[in-house]
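Visitor: Residue-level listing of the chains:
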Amino acid sequence: MATTRDAAPTANFFDPLAHVPDGAALRAARDAGDPTAALAVIRGMIVPDDIAAALWALADTSAGVTDEAQQLTAAIEAADDGTPLARTLRAIRYVTVGWAIRSHARAEHVSAGQFEQFHDWLRRAERVLFDVCSEHPDYVPAWEPRITTARGLQLGHGEARRRYDRLAALDPQVFAAQQVYHQQILPKWSGSWEEASRFVEECAAAAAPGSLGSALVADHAIERWLDGEKKVPSAMVDRVREAAAATVLHPDHVRTAATATAHTNFALFFTIAKAPVDAWPHFEALGSSPVEGMWSYYDLRAEVPYQVQRDLAAKAAAKASARPGVPA
Amino acid sequence: MSIAALPDLADFPGVALAESGGVPVLLAPREGNLGAGIAFRVGTAHETLATSGITHLVEHLALRGQVLSEAHLNGHTHTDVTVFHVAGSAADVVSYLNDVCASLQDLPLDQFETEKDILRSEAEGRKPGFVGALRVNRHGARGYGLAGYGERGLDRITPGEVRQWAARMFTRENAVAWVTTDALPAGLDLSLPSGERMGPPARTDVLQGTPAYLCGLGDGVALDAMVPRGYPALLATGVIREVLHRDLRRDADVAQSLSVSYEHLDDELARVGIVVQAGEGRQDAAAGGLADALGGLRFHVTEDDLAAAREALLEETTEAAAAPAADLMPSLAYRMVTGRDLDGVARARAAVEEVSADDVLGMMREIWASALWYGPAPLDWAGMTPAPERSPALAKGRSYQRIDAPDLSLVIGSEGVGNVSRDGVVTVLFADCVLMEAVPDGARVLTGGDGFRVVIEPTLYRSLSVADVVASVDRYVPEDVVVHHPARDPQDIPVAVPPKKAGKVARSVWGTVERLIALWFGVIVLFAGAEAVAREFFGTELRLGFLPLLALVAATVQVLRKRHGKGDR
Numbered sequence: 002m003a004t005t006r007d008a009a010p011t012a013n014f015f016d017p018l019a020h021v022p023d024g025a026a027l028r029a030a031r032d033a034g035d036p037t038a039a040l041a042v043i044r045g046m047i048v049p050d051d052i053a054a055a056l057w058a059l060a061d062t063s064a065g066v067t068d069e070a071q072q073l074t075a076a077i078e079a080a081d082d083g084t085p086l087a088r089t090l091r092a093i094r095y096v097t098v099g100w101a102i103r104s105h106a107r108a109e110h111v112s113a114g115q116f117e118q119f120h121d122w123l124r125r126a127e128r129v130l131f132d133v134c135s136e137h138p139d140y141v142p143a144w145e146p147r148i149t150t151a152r153g154l155q156l157g158h159g160e161a162r163r164r165y166d167r168l169a170a171l172d173p174q175v176f177a178a179q180q181v182y183h184q185q186i187l188p189k190w191s192g193s194w195e196e197a198s199r200f201v202e203e204c205a206a207a208a209a210p211g212s213l214g215s216a217l218v219a220d221h222a223i224e225r226w227l228d229g230e231k232k233v234p235s236a237m238v239d240r241v242r243e244a245a246a247a248t249v250l251h252p253d254h255v256r257t258a259a260t261a262t263a264h265t266n267f268a269l270f271f272t273i274a275k276a277p278v279d280a281w282p283h284f285e286a287l288g289s290s291p292v293e294g295m296w297s298y299y300d301l302r303a304e305v306p307y308q309v310q311r312d313l314a315a316k317a318a319a320k321a322s323a324r325p326g327v328p329a
Numbered sequence: 003m004s005i006a007a008l009p010d011l012a013d014f015p016g017v018a019l020a021e022s023g024g025v026p027v028l029l030a031p032r033e034g035n036l037g038a039g040i041a042f043r044v045g046t047a048h049e050t051l052a053t054s055g056i057t058h059l060v061e062h063l064a065l066r067g068q069v070l071s072e073a074h075l076n077g078h079t080h081t082d083v084t085v086f087h088v089a090g091s092a093a094d095v096v097s098y099l100n101d102v103c104a105s106l107q108d109l110p111l112d113q114f115e116t117e118k119d120i121l122r123s124e125a126e127g128r129k130p131g132f133v134g135a136l137r138v139n140r141h142g143a144r145g146y147g148l149a150g151y152g153e154r155g156l157d158r159i160t161p162g163e164v165r166q167w168a169a170r171m172f173t174r175e176n177a178v179a180w181v182t183t184d185a186l187p188a189g190l191d192l193s194l195p196s197g198e199r200m201g202p203p204a205r206t207d208v209l210q211g212t213p214a215y216l217c218g219l220g221d222g223v224a225l226d227a228m229v230p231r232g233y234p235a236l237l238a239t240g241v242i243r244e245v246l247h248r249d250l251r252r253d254a255d256v257a258q259s260l261s262v263s264y265e266h267l268d269d270e271l272a273r274v275g276i277v278v279q280a281g282e283g284r285q286d287a288a289a290g291g292l293a294d295a296l297g298g299l300r301f302h303v304t305e306d307d308l309a310a311a312r313e314a315l316l317e318e319t320t321e322a323a324a325a326p327a328a329d330l331m332p333s334l335a336y337r338m339v340t341g342r343d344l345d346g347v348a349r350a351r352a353a354v355e356e357v358s359a360d361d362v363l364g365m366m367r368e369i370w371a372s373a374l375w376y377g378p379a380p381l382d383w384a385g386m387t388p389a390p391e392r393s394p395a396l397a398k399g400r401s402y403q404r405i406d407a408p409d410l411s412l413v414i415g416s417e418g419v420g421n422v423s424r425d426g427v428v429t430v431l432f433a434d435c436v437l438m439e440a441v442p443d444g445a446r447v448l449t450g451g452d453g454f455r456v457v458i459e460p461t462l463y464r465s466l467s468v469a470d471v472v473a474s475v476d477r478y479v480p481e482d483v484v485v486h487h488p489a490r491d492p493q494d495i496p497v498a499v500p501p502k503k504a505g506k507v508a509r510s511v512w513g514t515v516e517r518l519i520a521l522w523f524g525v526i527v528l529f530a531g532a533e534a535v536a537r538e539f540f541g542t543e544l545r546l547g548f549l550p551l552l553a554l555v556a557a558t559v560q561v562l563r564k565r566h567g568k569g570d571r
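So the protein sequences, as listed, match chains L and F. Quick note on numbering: the numbering used here labels position 66 of the first sequence as 67, and the sequence is numbered without any gaps. Quick note on numbering: the numbering used here labels position 241 of the second sequence as 243, and the sequence is numbered without any gaps.
Hints listed in this document are in silico derivations from the structure and should not be mistaken for laboratory results. Treat the hints loosely; a few may be bogus.
To be verified - Interface residues of chain F toward chain L, partial, derived using beta-carbon atoms under 10 Å:
1. D253
2. R284
3. G290
4. G297
5. F301
6. A352
7. A379
8. A384
Stated by the list, open to error - Some chain L residues flagged as far from chain F (calculated, every beta-carbon gap over 10 Å):
9. F14
10. E117
11. A246
Claimed, not checked - Chain F is nowhere near these chain L residues, computed Cβ spacing over 12 Å in every case:
12. T84
13. R240
14. V309
Please read all numbers here as calculations on a predicted model, not as lab measurements. Backbone N, C-alpha and C fix where the C-beta goes; we use that ideal spot for every residue, glycine too.
My request is simple: use the sequences and hints to build the entire structure.
Guide: What follows is the structure in structure tokens.
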């Protein structure tokens, strides 16, 4: 067996469609550059987290201003048959194109011209979404990207919160929405730790047993670590362990595309916290189809550490189970 | 015939119509004190910016003779009407109305300046606020837009103009009176001159496309919209009220208070106004919430919301029906004098019942499409365009550069003046100038009919003299739009300080050239001298080759770097 270091990471190491229902059909439609076929597959989905994952994965293919990217944008526009789903895909595409121009760098490293184009694309997206939400106010998938556009267009925390609340009133369990709103209120987007952690606890408290609400605890802990808190406090490890048990590891948990995101972030957190035995069940659940989640925060070439840490976790877990009674 | 068409009062069986001095008088009895009044079809929106305040001034002068009366009386100048009213004995009422009408024909112009001062002090502390900004940006500096300015004409209106205004506007054709008795009181004499019947104020529009927005409102969001007048629009405002109370107050604590208004403008249009005062720290959410709510109403008007709005409106008409006929008279007089329908309760109820959800939906789309928003931040994300910040016209003429900000210039041409900046031009054409404020030191502020202003401060522009302003500006602006203000405190006259940076660059380019000449000259002389000395006194040749030249080039580069390195270019 080749070691993880030998394995040449492929562009598709992390496959955002791996845990989306009918992922293979979606992947085929995506690779064929056929948004209409992809939309037909998504139309069969009912869980907002599945729809969100599918839409963002499709829209995030070859973003930017290359010829290929322009072709995809044109194809997605051509596939817009006026349904809220097709219009939402179109809007999300505009968001990903804009964000690719902006880049993920901190604001001080983004040029004025980039910002102008970024905002231009987001406004285009927002106008589409505004109309979809006007016409179909109960359509959850269109509210989800509006939290992201509110952040990019700097419409303010109050407005982002109002949008999240509108969505949560329709469906309180959309993990993707909780994640993006959590991003909005972090200090890096001029929020605060207090506000963000209040929101995390709010989501946890409102979560039904087995649903993903508490999994945001891991996102939050990773953000803290990223901000410079290199030694993870043991209370935090306990809190995340508890969250994992209440969510993805809970017997009542119903798998959605967001389950994979939660698993990968739990795996990342326990890796950071140097608790590989705790990380293992999450790596294991993802099997041979890892998803990126927040791993790109850990390393820009996230696939390398992912594999290293996955192997370390597997070994640690095997060792721990071989010596029952000895805490890892 | 005095009024265009004597109205059909069939819907108001308790009200009779009589006439005094050619003025229609509504009559309906009531117990106790008498109430009476007279309404004229003239208001602030009939004025121009140069005469703004003139109607209010006439109203004050007409009441000047009543200062000692013990009756309860007053006058009000509104946007589209002016009303005088009184409560008291029959004798009080007769004397008040007779006196007002007589006085309007012979205003006590000896009190002219005193009343102007009173109006000025009344105006202190009264600010046009966000409503003023909405009006100016929609209507410009005319008609309804004048609400954004205050009584700017007071400083120039002449007694002659006041007399003319009163004679033209306060006529029997433009008046409707009422008295709460069943017969005209003895001695009532409302003789007024005859004149032309006035229409509604002119409706001007300077927006170049709607929906549009303004930004910078601190504590919430407001908008106004123009819709076809009538019951569908009235019900639409009721539905908006229902929806906003639910979306912005009950379900989300976004709004601290909100108001939705409907104002009849003329035969065609009404104005819908919405004001949302945001909860603490929720300004952005208030704007977004209002946009989403109104955006949604373009597509969905629920039966429940419509039923609630209908019920509220019907309740209002029921209340009106229960009131004694005499209590309706001020509003009847207002409706009559402005030429509006005189639907009674039964007809109003029937019309309200008839409005369908589709009718209201149509109104919602009109409201959306015609709205001018005023919020804390841009609303382009919801598909709105910014309200114009520049005037489309461009004055051609001589350009004067601003001394303290060379990017800016002033253009004075034979057709108008303009302030030019990198972002564009703001122009006021002389033919469209509705007000020019002038001070003896030569400064001028010209306001165009579209509301844009050009400020001329002669001290701030290169080679612009007061004589230039007099010759090239004053000459073209009609005197009847000019307000002459007294001389300013010399400290208030701006002094242009040339920007430091520009001056330094100009000096240092010369300084560099001088230094380089000195350097080259000095070094050449030095080397020539050294060579001569070496040859003369030591008998040796100095073989330096290109070295001195290289050293000179290096020194030149050094000087250039030091003086013009980063920053200056």
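Visitor: Output the indices of the hints that this structure fails to meet, ascending.
Guide: 6
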